[in-house]
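Colleague: Sequence:
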Amino acid sequence: MTAAAEQSDLSYKKRKGAAVWLITFADLMALLFALFVLIISFSEIDSDSFRRNAGPMAEAFNQPPPIFTRSKEKTSSTSKPVTEELEKQDQPVSESESSYLISVQRNKLTTLVQTTLDRELRAGLIELDIKDSFIILRFPASTTFALGNADLMGNIVPTLNRIADVLARTKGEVFVSGHTDDRPISTSRYRSNWDLSSARAVSVIHQLLRHPGLTRGRISAVGYADTRPRGANSSADGRARNRRVEIRVEIPATR
Numbered sequence: 000m001t002a003a004a005e006q007s008d009l010s011y012k013k014r015k016g017a018a019v020w021l022i023t024f025a026d027l028m029a030l031l032f033a034l035f036v037l038i039i040s041f042s043e044i045d046s047d048s049f050r051r052n053a054g055p056m057a058e059a060f061n062q063p064p065p066i067f068t069r070s071k072e073k074t075s076s077t078s079k080p081v082t083e084e085l086e087k088q089d090q091p092v093s094e095s096e097s098s099y100l101i102s103v104q105r106n107k108l109t110t111l112v113q114t115t116l117d118r119e120l121r122a123g124l125i126e127l128d129i130k131d132s133f134i135i136l137r138f139p140a141s142t143t144f145a146l147g148n149a150d151l152m153g154n155i156v157p158t159l160n161r162i163a164d165v166l167a168r169t170k171g172e173v174f175v176s177g178h179t180d181d182r183p184i185s186t187s188r189y190r191s192n193w194d195l196s197s198a199r200a201v202s203v204i205h206q207l208l209r210h211p212g213l214t215r216g217r218i219s220a221v222g223y224a225d226t227r228p229r230g231a232n233s234s235a236d237g238r239a240r241n242r243r244v245e246i247r248v249e250i251p252a253t254r
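First residue of the sequence shown? That's 0 in numbering that gives the first Met the number 0, and the numbers climb one at a time after it.
Some hints could be false.
To be verified - Listed next, the in silico DSSO-like pairs over lysine-lysine satisfying Cα-Cα at most 27 Å (straight line):
(1) 130 with 107
(2) 170 with 107
(3) 170 with 130
Please keep in mind that the hints were generated in silico from the structure rather than gathered at the bench.
The model shown is predicted, which means the values in this text are computed figures rather than measured ones.
Go ahead and model the full structure; you've got the sequences and the hints to work with.
Modeller: In structure tokens:
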């Protein structure tokens, strides 16, 4: 082969090598461009843009469409009811819904009280007073305390234990109040009817709190002395009605 032919063949090989290098460089640049587009799309990703870009990116890399796109939609659809339920619980209760919920809870509580304390209610040892948003369990002081005393009588303890069972199955606040007639009292233990009525309410609370299902934060005690009579203090029957202890149970508007 002559020198001119060798020089011509070498020039051809150089030109051919240069063409291969340019093709490789062009492929690299195309891949880098696709990578940059993918990074930018992920930095501002949302469900719509992801669906639009997932297909073209997969085709650019000669890969099948991502399978996790469909599984993501399935996961989202299955978790949607749970999310909606949590959001529903966080929403404030409207006035109409509150009235309905209180009515439902009141009926449940009333049935529970009547079932648990049926014997006491029939014997007249306890009076059940049903109001719109609370109920009152009322029992006379004569069956609970000795005259002028705040120590519980033994026969009332089992009844209070059953009341505690009922309260442990509710969520509303509990208010125990003591009441007296208008006859003044002044002893070494109780300076007035205020002291006596308050001490009686506290005695009831101490017995209720023996139940493990009740907490102190739910129960309050108050003594009203003779300021809230239910009968006329001018008669023996009226004074007997006024000497009482009441357990008021609030009914919460819970779903």
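Colleague: So, for every hint listed, does it hold in this structure?
Modeller: Each hint tested on the structure:
1. For the hint linking residue 130 to residue 107, the alpha-carbon distance of about 14 Å falls within 27 Å, and the restraint holds.
2. Restraint check for residue 170 and residue 107: the C-alpha separation of about 12 Å stays at or below 27 Å, so the hint holds.
3. Our distance criterion of 27 Å between C-alpha atoms is met by residue 170 and residue 130, whose separation comes to about 17 Å.
Checked against the numbered hints above, the structure violates none of them.
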